[in-house]
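Chemist: Spelled out from the first residue to the last, the chains are:
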Amino acid sequence: MKWQRRFGRGVVAEFSKNRYLYLLALPGTLFLIVFAYIPMSAHLLAFKDFRLSDRLWGSKWVGFDNFRYFFSGNDWLRVTYNTLFLNGLFLVFGLGFAVMLAIFLSEVMSPLFKRVAQSFVFLPYFISWIVISMMTQALFSTSEGIINKTLNSLGFEGVEWYLTPSVWPAILTIIYIWKFAGYNSIIFLAGITGISPEYYESAKLEGATRFQQIIYITLPLLRPIILLMLLLGVGRIFYGDFGMIYAIVGDIGVLYPTTDVIDTFAYRALRQLGNFSTSSAVVLYQSVMGLITVVIFNAIAKRIDTDSRLF
Amino acid sequence: MVELRERAFVVMMYTVLVIFALVCFLPFWLVIINSFATETSIQTQGYQFFPRSFSLSAYEYLFSGKQLFNSYKVTLFVTTVGTLLAVFTTATYAYTLSHPRVKYRNILSFLTYFTMLFGAGLVGFYMLIANWLGLKDSIWALILPYLLNPFYAFILVSYFRTLPFEMNEAATVDGANDLVIFFRVIWPISTPIIATVSLFYALSYWNDWWLSLLFVDNYKLHPLQMMIRQLMSNLNAKAYVAGSGTNYNIVVPTLGMQLAIVCVTIGPILFVYPFIQKYFVKGITIGAVKG
Numbered sequence: 001m002k003w004q005r006r007f008g009r010g011v012v013a014e015f016s017k018n019r020y021l022y023l024l025a026l027p028g029t030l031f032l033i034v035f036a037y038i039p040m041s042a043h044l045l046a047f048k049d050f051r052l053s054d055r056l057w058g059s060k061w062v063g064f065d066n067f068r069y070f071f072s073g074n075d076w077l078r079v080t081y082n083t084l085f086l087n088g089l090f091l092v093f094g095l096g097f098a099v100m101l102a103i104f105l106s107e108v109m110s111p112l113f114k115r116v117a118q119s120f121v122f123l124p125y126f127i128s129w130i131v132i133s134m135m136t137q138a139l140f141s142t143s144e145g146i147i148n149k150t151l152n153s154l155g156f157e158g159v160e161w162y163l164t165p166s167v168w169p170a171i172l173t174i175i176y177i178w179k180f181a182g183y184n185s186i187i188f189l190a191g192i193t194g195i196s197p198e199y200y201e202s203a204k205l206e207g208a209t210r211f212q213q214i215i216y217i218t219l220p221l222l223r224p225i226i227l228l229m230l231l232l233g234v235g236r237i238f239y240g241d242f243g244m245i246y247a248i249v250g251d252i253g254v255l256y257p258t259t260d261v262i263d264t265f266a267y268r269a270l271r272q273l274g275n276f277s278t279s280s281a282v283v284l285y286q287s288v289m290g291l292i293t294v295v296i297f298n299a300i301a302k303r304i305d306t307d308s309r310l311f
Numbered sequence: 312m313v314e315l316r317e318r319a320f321v322v323m324m325y326t327v328l329v330i331f332a333l334v335c336f337l338p339f340w341l342v343i344i345n346s347f348a349t350e351t352s353i354q355t356q357g358y359q360f361f362p363r364s365f366s367l368s369a370y371e372y373l374f375s376g377k378q379l380f381n382s383y384k385v386t387l388f389v390t391t392v393g394t395l396l397a398v399f400t401t402a403t404y405a406y407t408l409s410h411p412r413v414k415y416r417n418i419l420s421f422l423t424y425f426t427m428l429f430g431a432g433l434v435g436f437y438m439l440i441a442n443w444l445g446l447k448d449s450i451w452a453l454i455l456p457y458l459l460n461p462f463y464a465f466i467l468v469s470y471f472r473t474l475p476f477e478m479n480e481a482a483t484v485d486g487a488n489d490l491v492i493f494f495r496v497i498w499p500i501s502t503p504i505i506a507t508v509s510l511f512y513a514l515s516y517w518n519d520w521w522l523s524l525l526f527v528d529n530y531k532l533h534p535l536q537m538m539i540r541q542l543m544s545n546l547n548a549k550a551y552v553a554g555s556g557t558n559y560n561i562v563v564p565t566l567g568m569q570l571a572i573v574c575v576t577i578g579p580i581l582f583v584y585p586f587i588q589k590y591f592v593k594g595i596t597i598g599a600v601k602g
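Chains X and G are the protein sequences, given in the same order.
Using this note's numbering, read the first sequence as starting at 1 and increasing by one per residue.
Using this note's numbering, read the second sequence as starting at 312 and increasing by one per residue.
So that you can see chain G by itself, here it is in the shape it has in the complex:
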């Protein structure tokens, strides 16, 4: 009796896991497979798990315009430059916060933590970027606001604290100052955790559309995510995407194009996912320990 119930429980657990894993995957499948369906079949039969038609026209249309390349360039620039700057800002700041010789580290920690409790809110943030810094329609509006995430800073602080301080003292005896110690000793041995935090930053830059929604009206500066949004809400998708020589008799594959751009956007993430997944797991596990 107990044996039977035990076995039933195990079967139930595996069933739940398999079903949930499938549920997590199916929307991806749906988007990818339907991006290859013809526009007419989507319109008449709807999105299908196994569409019977095949067409590349959504991609052809997408690649024929300039907007995709513009947006890709913007996203790549924002992600690369943003991640580099953010990691530098966060790591240097976190190192000072973690350093036992810094007398005001607790004040700095509290001031950092306080920003997580009480923010400026939307209005202050908007006025800062748009009116005071004058960054409306500037690519820096998509980069600067994310340069220091207190949560990632505290992940780094708790890592730096685990490093033996004797190393620091030895380097001081050898005549190195704190700058040299940080860049020549601490930074190299912290590569794994710095890589992890870099990935977190890269993901948030890659996926961001909020900043462009608020601050970028010029479509030439729209990143990929904003492009998807425009294609979803903009009835005049043709004008947004098409290049020169548009033939107005062609049916614009609006629905297909939405799916195609999604595939183009998540493609790189899916591609590197198997390699980077374990770093994220590491980051989350360390992050769970409070800073």
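Okay, chain X solo, but in the shape it has when bound:
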């Protein structure tokens, strides 16, 4: 086969010509193979009845039984709904607030005020979810929490926050905004800085107010960045932030109806029930849905605005 020989020779020639460059890439390549590609084989467990003693290849094939089991109950509906709903809230309110924050910060004239304010709003990004969960408890704990103490002193009865599922989507959204608004606003601020001042000057000549300038100049020109961030978020919409949910809500069964996401569900199946096969089925479902979402939304983005597409 002529083309194969030529192809083979090409590969060898390329590797020997740039051997030092490929040597530099070796640690990274090994990492990706070992930590990203080899573990993908565990998706096969979703189609097997896995027992630790039989290892991955020795276990019995069971076809779609694990999926049938997962999809026969109501759990999959609940965790899928919660994952999409919570991530949707985070995306819409998180990005919305960050855009507002960036616009307000960009309008601030005093450099000192701007710097101080930015330092404060960026600070929560540096804190781990564990520390945040500690802070959340200081606020929402039934007996010692500030919120209930304040309610009591005003003559109201305290709320048992950690036993009330309906409040958690709101609380988690607020916490998300708190942690990431400052971080995300930096991206939008960079976009605003890139807008030519001439737009604003001519708008001012026409008598536009600041509010009108924001609506008619800043927001439309930020649109590509907002869209890109939205798409990145939508691509990850099937992935709950395990660190966030598990640290803050943890294993409180009462709160599962609104806080149990695909990731926490898979974690419980794996670590607490030791059920590798169910967990694999859940995880494969998540990965495939995630991949499909990215591809679809990338196609949509391409149609709306060629600059916003991801690949």
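Some hints could be false.
[Said to hold, decoys possible] In silico DSSO-like cross-links for lysine-lysine, where the CA-CA straight-line distance does not exceed 27 Å: (1) G:Lys-531 / G:Lys-447; (2) G:Lys-589 / X:Lys-114; (3) G:Lys-447 / G:Lys-384; (4) G:Lys-447 / G:Lys-377; (5) G:Lys-384 / G:Lys-531; (6) X:Lys-114 / X:Lys-204; (7) G:Lys-414 / X:Lys-17; (8) G:Lys-593 / X:Lys-114; (9) G:Lys-531 / G:Lys-377.
The set of hints was computed from the structure by calculation and includes no laboratory data.
These numbers were taken from a predicted model, which means no experiment stands behind them.
Knowing the structure of chain X, use the given hints to seat chain G on it.
Modeler: Same frame as chain X, but now just chain G:
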């Protein structure tokens, strides 16, 4: 009329900014100030913005045991060694990806990008570390999984692409091979961006508890974040923290201790924060430009 509305709008903007900045700061204040309150006052009056009592007993208790020092050592080791290894792995890999002479750079880029789209998921990851690599209860389980973050790699790629290629050619003419070029020419002029990526890695190592939750049962290997978690969920905090000669009549400042360990953990971050903040801003701004 327009003047008035304009002014009202500006006042509204400043109010929102001031309030949100305060909201961002208050939980920190709450944790720090209450770590100095007495245990009884927290139990009876709850966490307060201005507690009326003062006590160092939470810290005394925390420092009297061995666990804090163990955990600090683990966190410091994981953060230092992890960051060094991760930056080396990522920078060398990113350089090859950015090099115009590398024929397969697009394949490599795609294979890197694909891992962001389709992961192995929890099960594969767990089996890899625990069963195939046998790293359960090993400190390397806390380091190895974060050695290459595709997102940071692409930040470096887009930076390396901005460097003039003539420099590379000049060095080649002088007889330098690609290894020499990378370590003697590229690395030194890339210090700012490498420092930025290092900070990102350092922060993720410092704040991580997920890996220890999954893979470390031996409490001697628990990093600080895991220690906080244990103190929050573990009813038997005494056994976890206390050293020898525990006096069982003493009231254990459980709530205070949770706050104190949080302060001990975030202290270093708050301390270096003013100096490193601008590097993070730089990193995020570059990261916003897709790789």
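Chemist: Hints the structure violates: just list their numbers, smallest first.
Modeler: Violated hints: none; all satisfied.
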